[in-house]
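**Student:** Mind assembling these two chains? They're in different frames, but the hints should get you there.
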Amino acid sequence: MEFNDGFPNYEVIAQHDNEAGVGVRKRLMNVFWLLLVITLIELTVGWFWHDIKESMHLSQTWLIIVFIFFTVVKAGYIVMAFMHLGDENKWMRWMILGPYALFIVYLIYMVTVTEGAYSLGFRDLLNPVTKVAHSEHAEHHE
Amino acid sequence: MSSHAIAKPQGWEGGTSPLATSHGKLFMWFFLISDALTFSGLLVALGFFRHKFHDVWPVSTDVFTHFPFTHAHLPLVYVGWMTFDLILSSVTMVLAVEAGHRKDNNAVLLWMGLTIIGGAIFVGSQVWEWAIFINGSHDGAMRWQFIDGQWIEKVFYGANLHYNEYSVTPHYADFFFCVTGFHGFHVFSGVVINIITFIMAYRGVFQKRGHYEWIEKVGLYWHFVDLVWVFVFTFFYLL
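These protein sequence lines are chains A and B, in that order.
Sequential numbering of the first sequence, starting at 114, is according to our numbering.
Sequential numbering of the second sequence, starting at 1257, is according to our numbering.
If we strip away everything but chain B, and leave its shape as in the complex, we get (with noise of 0.2 angstroms):
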């Protein structure tokens, strides 16, 4: 066997890693997937009843109509700001990556306490859209609702996981409370370690391993956050 040399190594020889990539950002990929997958689930089960209730399903130009500090009809308006604040994030948080490609540790200061902003203000706005989903308008909708063991007809104001005023589905509210609360707690999450990674860098940890893949890493969680946010935007409130 050994008189049989081969000239020119073929495929993977051993010595390299056959992705060229570290473990950390490969693992931080895998579970990423796994995250997708479950959002997936539940923009396609929000698809399918979406699909069987077409007739009641309310459009999102009707219901998301407010502005803060103004009493004027302003669809969908809100949603872009939050969008554009998201997208805004995501692009401070990339600067952050770069400048740590660059070992400059003020711009990984400089763009990570934008980045925790940035993301502190899209949770704030989410709680204050689900303020108003929640209170409804002051007309209300009339709904049968199951109130001591019986079905009465009366007015309903805002929504619950039960009743909502928008659609006498209840799945409207379900769908929107579901998809739009995993996603903001996944924000939520990414702005935690947005803190913890800001502390680390002003504590010098990065100058001290010489590497800052760490930012490469956590950068990798909140663009999948801003990723999910355009599909949810694209299938709750554009579609």
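Only chain A is shown next, with the shape it has when bound in the complex (with noise of 0.2 angstroms):
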């Protein structure tokens, strides 16, 4: 017996005629390109960044807001463009997106504002090699 319930077959809707493939995939041939600049441009940054840092005066903190912000990009492109998320109904989008994002905004607040803040005093505590080459350090000045 062939189960049918009625509700139109998403998998048909998607497809589409060898036109309209032209257009998607020069789209997509895009999207390629600009994430291969971004690559290009962040291993370039990554390389020459003791030069820049230096001649220019710059903080450690402009490199990861920069290196973040390319990550982002990136990945809104590979989310939106080639995973289809861009083509999906409004409210799958925020299905996906909105328990996620929810999730790392907490994730990230409770590491670095809650549990981040007291931890400094037991860095030995996670590291036996350096406490133990700390504390022998200690009695070679002794």
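Simulated from the structure, these hints should not be mistaken for laboratory data.
Since this is a predicted model, take the numbers as computed values, not measurements.
Among these hints, one or two may not hold up.
[Stated by the list, open to error] List time: in silico DMTMM-like cross-link candidates among lysine to aspartate or glutamate, alpha-carbon distance up to 25 angstroms:
id, chain 1, residue 1, chain 2, residue 2
1, B, LYS1308, A, GLU228
2, A, LYS203, B, GLU1409
3, B, LYS1359, A, GLU201
4, B, LYS1473, A, GLU201
5, B, LYS1473, B, ASP1360
6, B, LYS1281, A, ASP200
7, A, LYS139, B, ASP1318
8, B, LYS1473, A, GLU132
9, B, LYS1281, A, ASP130
10, B, LYS1281, B, ASP1360
11, B, LYS1308, B, ASP1404
12, A, LYS139, B, GLU1409
13, B, LYS1473, A, ASP130
14, B, LYS1359, B, GLU1385
15, B, LYS1359, A, ASP164
16, B, LYS1473, B, ASP1291
17, B, LYS1464, A, GLU132
18, B, LYS1281, B, ASP1291
19, A, LYS139, A, GLU201
20, B, LYS1281, A, GLU228
21, B, LYS1359, A, ASP200
22, B, LYS1473, B, ASP1341
23, B, LYS1464, A, GLU228
24, B, LYS1410, B, ASP1318
25, B, LYS1473, A, ASP200
26, A, LYS166, B, ASP1318
27, A, LYS166, B, ASP1341
28, B, LYS1464, B, ASP1291
29, B, LYS1359, A, ASP130
**Tutor:** As structure tokens, this is what we get:
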């Protein structure tokens, strides 16, 4: 017996003809070139960072901000264009991105603000090797 | 009650899916969200430990300097090549999905084949990078090591989960193995799924079904692997 609940077949709706395919492929290749260019910029900045930092008197925070910005742009293009989330229903988009964003914002808040604040003291507890090295170092100086 | 006729239906009236998508794709997305949360946990933990050990955490331009078949000093070039390879295999995957929308079985076979090759090259590259990382340099570095019940300072080469020559803290190598290993296993399983998909397309399974939605679901997983690498690339290698 064939199962038929009267719902439309969304997998069939997604199909397109050869003419429409030309435009779709062109858009996808544009996204590819964009991702490639951003990656090359990232590598170049990473490679020459020490020189850039010294000549322009920048702090490490700038590098972090720039790289996180590039990463989020790349991730956005991959999710929206390659994973076709941009072509999905508006509520589908919200259902995927909303709860995830909520969890991540809470996780980062928890680790950086709440849990990260008091953990400076237990650094040696995290690392037995440096603890031994430090205590030996101290003995040599005595 | 029946006298109150509603002139214009508001909201969802039933009969159609409110999200206008199939069950398979929806649940693939649910799986990817949970997987993304796992990776986010790993990367946030990496950020936490980097912050705690910022003074002894090595710069990756000093660690990842090797390139196959040459002894030249090429920092991050190999990682850049791996990123390029994964983006390339991502674009061939999305072209396979597009070919599926046109029901062009030969194009699906071509692009799936190229995606499998790109994924296999990535897994091989990661194996090579692990081998270089574990074996280390000829110089090594002085490390306090727990040998025969006592702490001794002697030269250590390469890396394991307890010591590594790149940093005095073991967490550097631990996070390298954990983050890239977890991602590498995803790539490996993605390649296996892609090979299964290639065989299915070759045997005409999708032509019989009348649609290529399977390719779309496999594509979601494969692009997710690329997406995770974008973050690993930034937070482990670049920063």
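**Student:** Work down the list of hints and note, for each, if the structure agrees.
**Tutor:** Going through the hints against the structure:
1. The hinted pair formed by LYS1308 (chain B) and GLU228 (chain A) meets the criterion: a straight-line CA distance of about 12 angstroms does not exceed 25 angstroms.
2. About 60 angstroms separates the Cα atoms of LYS203 (chain A) and GLU1409 (chain B), which puts this hinted pair outside 25 angstroms; it is violated.
3. Annotation: proposed proximity of LYS1359 (chain B) to GLU201 (chain A) holds, straight-line Cα distance about 20 angstroms (limit 25 angstroms).
4. Of the supplied pair hints, the one linking LYS1473 (chain B) and GLU201 (chain A) holds, its CA atoms being roughly 14 angstroms apart against a limit of 25 angstroms.
5. For the hint linking LYS1473 (chain B) to ASP1360 (chain B), the alpha-carbon distance of about 17 angstroms falls within 25 angstroms, and the restraint holds.
6. This hinted pair checks out: LYS1281 (chain B) and ASP200 (chain A) have alpha carbons roughly 13 angstroms apart, not beyond 25 angstroms.
7. At roughly 39 angstroms between alpha-carbon atoms, LYS139 (chain A) and ASP1318 (chain B) are farther apart than 25 angstroms, so this suggested pair is violated.
8. Distance hint between LYS1473 (chain B) and GLU132 (chain A) is fulfilled; the C-alpha atoms sit about 24 angstroms from each other, no more than 25 angstroms.
9. Distance restraint check for LYS1281 (chain B) and ASP130 (chain A): the Cα-Cα separation of roughly 22 angstroms lies within the 25 angstroms cut-off, and the hinted pair is therefore satisfied.
10. As the CA atoms of LYS1281 (chain B) and ASP1360 (chain B) are separated by approximately 21 angstroms, the hinted pair is consistent with the 25 angstroms bound.
11. With a C-alpha separation of about 30 angstroms, the suggested pairing of LYS1308 (chain B) with ASP1404 (chain B) is violated against the 25 angstroms cut-off.
12. Restraint check: the Cα-Cα separation between LYS139 (chain A) and GLU1409 (chain B) comes to about 59 angstroms, which exceeds 25 angstroms; the hinted pair is violated.
13. Straight-line distance between C-alpha atoms of LYS1473 (chain B) and ASP130 (chain A) comes to about 20 angstroms, which keeps the hinted pair within the 25 angstroms bound.
14. A hinted pair counts as satisfied when its Cα atoms are at most 25 angstroms apart, and LYS1359 (chain B) with GLU1385 (chain B) does not qualify at roughly 39 angstroms.
15. Distance check on the hinted pair: LYS1359 (chain B) and ASP164 (chain A) sit about 52 angstroms apart at the alpha-carbon level, beyond 25 angstroms; violated.
16. With a C-alpha separation of about 15 angstroms, the suggested pair LYS1473 (chain B) and ASP1291 (chain B) falls inside the 25 angstroms cut-off, and the hint holds.
17. As the CA atoms of LYS1464 (chain B) and GLU132 (chain A) are separated by approximately 24 angstroms, the hinted pair is consistent with the 25 angstroms bound.
18. Proximity of LYS1281 (chain B) to ASP1291 (chain B) is assessed by CA-CA distance (about 15 angstroms); at most 25 angstroms being required, the pair is judged to hold.
19. Our distance criterion of 25 angstroms between C-alpha atoms is met by LYS139 (chain A) and GLU201 (chain A), whose separation comes to about 20 angstroms.
20. Restraint check for LYS1281 (chain B) and GLU228 (chain A): not satisfied, since their Cα atoms lie roughly 37 angstroms apart, outside the 25 angstroms limit.
21. Under the criterion of a C-alpha separation no larger than 25 angstroms, the hint pairing LYS1359 (chain B) with ASP200 (chain A) is consistent with the structure, at around 19 angstroms.
22. Between the alpha carbons of LYS1473 (chain B) and ASP1341 (chain B) the distance comes to roughly 21 angstroms, so the proposed pair stays at or under 25 angstroms and holds.
23. A hinted pair counts as satisfied when its Cα atoms are at most 25 angstroms apart, and LYS1464 (chain B) with GLU228 (chain A) does not qualify at roughly 55 angstroms.
24. Between LYS1410 (chain B) and ASP1318 (chain B) the alpha-carbon distance is near 22 angstroms, which keeps this suggested pair within the 25 angstroms criterion.
25. Note on LYS1473 (chain B) and ASP200 (chain A): the hinted pairing holds, with a Cα-Cα distance of about 15 angstroms set against a maximum of 25 angstroms.
26. At most 25 angstroms may separate the alpha-carbon atoms for a hinted pair to count; LYS166 (chain A) and ASP1318 (chain B) meet this at roughly 17 angstroms.
27. Taking the CA atoms of LYS166 (chain A) and ASP1341 (chain B), the gap is about 30 angstroms. The hint is violated against a cut of 25 angstroms.
28. Using a Cα cut-off of 25 angstroms, the hinted pair LYS1464 (chain B) and ASP1291 (chain B) is violated, with the two alpha carbons roughly 32 angstroms apart.
29. Our distance criterion of 25 angstroms between C-alpha atoms is met by LYS1359 (chain B) and ASP130 (chain A), whose separation comes to about 9 angstroms.
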